[in-house]
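Protein chains in written order, with the numbering used here: chain Z, 25 to 359; chain P, 28 to 333; chain X, 136 to 461.
Don't read these hints as lab results, they were simulated from the structure. One or more of the hints may lead you astray.
Facing chain P, according to a computed beta carbon distance under 8 Å, are these residues of chain Z, among others [what the hints assert, rightly or not]:
id, residue
1, Leu86
2, Phe88
3, Arg115
4, Gln119
5, Ala120
6, Asp124
7, Glu127
8, Phe132
9, Met138
What follows is a set of in silico ranges between Cβ atoms, one per label pair, in the way DEER data are often shown [to be verified]:
id, chain 1, residue 1, chain 2, residue 2, range
10, P, Leu212, X, Pro248, 17 to 27 Å
11, Z, His176, X, Leu292, 41 to 51 Å
12, Z, Ala149, X, Ala382, 55 to 65 Å
13, X, Pro248, Z, Thr101, 41 to 51 Å
14, X, Leu292, P, Leu307, 48 to 58 Å
15, Z, Thr101, X, Thr159, 48 to 58 Å
16, P, Phe72, X, Ala163, 48 to 58 Å
17, P, Leu173, X, Arg229, 55 to 65 Å
18, P, Leu193, Z, Glu164, 51 to 61 Å
19, X, Leu250, Z, Ser320, 28 to 38 Å
20, P, Leu212, X, Thr217, 52 to 62 Å
21, Z, Lys198, P, Leu212, 30 to 40 Å
22, X, Glu296, Z, Pro61, 37 to 47 Å
Negatives, chain X to chain Z, calculated, CB over 12 Å [said to hold, decoys possible]:
id, residue
23, Gln151
24, Gly162
25, Asp218
26, Trp232
27, Arg345
28, Ser442
29, Ser445
30, Val449
Note that CB positions come from ideal geometry on N, CA and C, so glycine has one too.
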Amino acid sequence: MSQELLKINHATKAYGSGLFSSRGQVVVLNDFNGSFPAGPARITTVAGESGSGKTTLAHAVLGFIRLTSGSITFRGTDIASLRGGAYREYRRSVQAVFQDPYEVYNPFYKVKHMLDMAVRNFRLAPAPGAAGEIIEKALEAVGLRGGEVLDHFPHQLSGGQRQRLMMARAFLLKPSIIIADEPVSMIDASLRSMVLDTMMTLRDQHRISFLYITHDLSTAYQVGDDLIVLYRGSIMEQGRTTDVIDNPKHPYVKDLIEAIPVPDPSVAWNPGRPIPEDTGTAGKPETGCPYCSRCSQRMDCCSTKAPPLLAIDGNGHRAACFLYGEMASPATAPV
Amino acid sequence: MATDSKGSVQKKLGTMRSPLLNAKLIAGLLFAGCVAAAGLIGPLFWNANLSRVASSPPNLPPLLAGASPDFPAPSVDHPLGTESNGRDMLALLIAATPNSLRVGLLAAALGVGLGILLGFTAGFVGGWVDNVIRVLSDSIMTIPSLAVLIVVSAYVRQVNLENMALILALFAWPGPTRLIRAQVLSMRERGYVRMAVLSCASPFDIMFKELMPNLLPYLAASFTGGVSGSILAAAGLESLGLGPTRVPTLGMTIFYAIRASAIIRGMWWWWGFPILMLVLIFVGLFLITIGLDEIANPRLRKAKTA
Amino acid sequence: MTGPAASNHEVLLDIQELRVDYETPRGAIHACSGVNLSVCKGEIVGLVGESGCGKTTAAMSVLRLVQPPGRIAEGRIMIGGTDLLSLDEEDMRRRRWRDISLVPQGAMNSLNPLLRISAQIGDVLRTHQGVRSRAAVGDRTARLLGLVGLPARVASLFPHELSGGMKQRVCIAMAIALDPSLIIADEPTSALDVIVQRVVAQTLRDIRDRLGIAILVITHDMALIAQLADRVAVMYAGKIVESAGTADLFAHACHPYTRLLIDAIPSIRKRKPPASFGGLMPDARATPAGCVFSSRCTCALECCASSSPSPREVAHGHIASCHLCQ
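Produce the entire structure from the sequences given, and follow the hints as far as they go.
Rendered as structure tokens:
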């Protein structure tokens, strides 16, 4: 069926609105649109710094928070209205891996408690003894061995092992999408690649799509197929990862890429021009482009009207910047 | 972003010593254990019938008091002395202590049980249910419980141990409710609770399989706090005469002592030993409570090893 | 590794054979076993390693801030001819912050939320230098803030009104308040966003350029260290496995662990299959007979498991502890 697997429509989340006025409201996610069509598995990266709204997006997709406006639909149905069997189906198809590989384990139980719970609740084992086999297969897919890890408490395993165990648990349910919220940021560099490799293996061999959320554009470049860059809750640029990073269009994305240190001492880390500080939400402009106060190429119109996502080329590369088609009508075709 | 917070050095430090080997907890258990033992195995060593009225010569001072012109000479048969009604103090303590403990345990069990139920519901369900429970528990906490208890007890016709426990439970539940509610509210956001939601766990499963095990230290501390509070409240009511009359309890002993002007007469052993017993119970339970607190809250533990 | 430094400046800090243990009922954990490190005047030295390798412990030892059950078992920490470990507590207290200061991990989160920045910096000035007059404190504060690139108006703000990068720079300003000759910066940029990271790193560079203060930067971010440090020391399981000038290290790393750390840095220029290797850091309680890295090393020779390699100079200013690098 050509139905979208997961579609996010104009998702907006705001906190702290007064009863009578919207002053003092903090908008953490602003009109986010995205979708996972039912097709070949892809890793879509949502990149942004702290406060960009990426974790809010993850929580909204997983149903942990309610959107202020907009909707998230799973196979055409709004997830907020799912009940019973349909809800269970949603939970099975959309799984998650979180940032802190320690916190996600209940310290009271051994780590296999987590896997057993998944097998039990989703009735994955046709026969009582089959559960062990199913778990073992899942562990294999992420490069772990049951005998080595299952009988331990969380604090006895390394961060990399715990994170891959998380992925094994997600894989167990044969989901269609895994939401990976900063899966490697709390793991040592030497163990990171293993987790990222596992993501790509799951995509290639098991056709699982990923929504990979990160602040690190370098890892996004390595594993992502598509990239969406968020800033203060709004999409700044999106497109194929190679397009956006090799050929960035939005001033924010350009600044971001320039600021990444190159691990080669002979290449100068260009200090560039001093970028004004981002002093948080205080003084956030209510209208206009969120990056306006720090942008080197701002124009007069930027502070009054928020630029829509404008098409750069025909391959889905779009940037929310008036530099690329002043006031032109936004591209309406979904990515 | 932060590096792996469970690096190898920190991991090893965390498993250094079992946190259950807490000095305060062990000391408290010893105290409480002695008290409970006195009541349970005491009758094996001492004739419990001597706690009955008119079973012994009255007004005997305890052995260590020595002779005195106001009272008959102390006797080895009654090492802790006797009181005006002819009851042996040692036998009385042996008989009364378990009763006082029973009241406390029952009241705490009822109070904490209700507290767990309401606390979980409030923390987990949230919304207006949470608001109602919270307002209720906060209001009851501010009511001077002794005054209300006196009025209620005065109206109850036949006061026995179970009635007392029930009455005391009325005021024992707000504390545990607030504690559990606060813990549940914070634990709700934990990663493993989220994972359980993602695994389609039912609210019941989440509450009792995920949250409850991690709450056990708090529940235990809450329970022992409840027990000591209830015992003291019971002793307070009893010493005013509002306790059960058919069974001996520590508080009622104090009441009879006061009513017979034991203080003026200088019969300190009549009210002194029950008070000593109550102090022992309280100190023991207190040590258990703070020992459990230290287990539950590792931050208190760290302060010691610095 | 007290080999000649890449630059010809005089040696400011010289850590020799530092051994730090954490005493536990089940045996001592060797957080640092035989660390040798030197920092020259005006030099930025990077101490890199992953979590649990002992780099923070080594840094804390310099300031003698290791808390029990940690214990400095052996070694000498020489500054200007004096062994810091031989000083008594009062002398050490005087030297702390005046000669060596520290920007600890997560410093920006430990600013007092109830005091304005001027009060907090003023506190440092008043306590250590007895600066009394408000005008003098105000002047010095403004100068310090200027040195870290912050406008003077920041002094009258509260910490919550500043961004993460600004708070971190305030902490750096406090560290340079007493003109130390060395600053130890523990993970100065790890909780910051990329653009702000660059600003803070640039600030550290500016301080070195303008005030000649040497900086010991402790981090797990190899890319950052490539751009910031003059010399790099790589630490693994309590030992320094390789140290060299930055350019030399990145171009000619010879220890397998260093090579793998460098290969593991994800590149933003081209896609490549990332290097990955399994295994964990060895049990810090055991003292393995051979090389600490041998259990994870892909190029391990037979001798690696039985004999621990000693540090040897493989090139001018480049020292490595590996049987393969001879």
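A quick look at each hint next to the structure:
1. Leu86: holds (7 Å)
2. Phe88: holds (7 Å)
3. Arg115: At 5 Å from the nearest chain P Cβ, Arg115 (chain Z) passes the 8 Å test, so the hint holds.
4. Gln119: holds (6 Å)
5. Ala120: With a closest approach of 6 Å, the Ala120 (chain Z) hint holds.
6. Asp124: Nearest chain P Cβ about 6 Å off; hint holds.
7. Glu127: holds (4 Å)
8. Phe132: holds (4 Å)
9. Met138: holds (6 Å)
10. P:Leu212 - X:Pro248: 17 to 27 Å: Between Leu212 (chain P) and Pro248 (chain X), where Cβ atoms are some 23 Å apart, the hint holds.
11. Z:His176 - X:Leu292: 41 to 51 Å: holds (48 Å)
12. Z:Ala149 - X:Ala382: 55 to 65 Å: Given about 57 Å between the Cβ atoms, the range holds.
13. X:Pro248 - Z:Thr101: 41 to 51 Å: holds (46 Å)
14. X:Leu292 - P:Leu307: 48 to 58 Å: This hint holds: roughly 57 Å between Cβ atoms.
15. Z:Thr101 - X:Thr159: 48 to 58 Å: holds (55 Å)
16. P:Phe72 - X:Ala163: 48 to 58 Å: holds (50 Å)
17. P:Leu173 - X:Arg229: 55 to 65 Å: The hinted range 55 to 65 Å holds for Leu173 (chain P) and Arg229 (chain X), with Cβ atoms some 58 Å apart.
18. P:Leu193 - Z:Glu164: 51 to 61 Å: Hint holds: Cβ distance 59 Å, inside 51 to 61 Å.
19. X:Leu250 - Z:Ser320: 28 to 38 Å: Given a distance of about 35 Å, which is inside 28 to 38 Å, the answer is holds.
20. P:Leu212 - X:Thr217: 52 to 62 Å: 54 Å Cβ-Cβ, so the 52 to 62 Å window holds.
21. Z:Lys198 - P:Leu212: 30 to 40 Å: Once the Cβ atoms are compared, 34 Å apart, the range 30 to 40 Å for Leu212 (chain P) and Lys198 (chain Z) holds.
22. X:Glu296 - Z:Pro61: 37 to 47 Å: This hint holds: roughly 45 Å between Cβ atoms.
23. Gln151: holds (28 Å)
24. Gly162: holds (17 Å)
25. Asp218: Asp218 (chain X) is indeed farther than 12 Å from all Cβ atoms of chain Z, at 33 Å.
26. Trp232: holds (27 Å)
27. Arg345: holds (15 Å)
28. Ser442: holds (24 Å)
29. Ser445: About 24 Å separates Ser445 (chain X) from the closest Cβ of chain Z, which puts it past 12 Å; holds.
30. Val449: Non-interface label on Val449 (chain X) holds, nearest chain Z Cβ at 18 Å vs cutoff 12 Å.
Violated hints: none; the structure is consistent with every hint.
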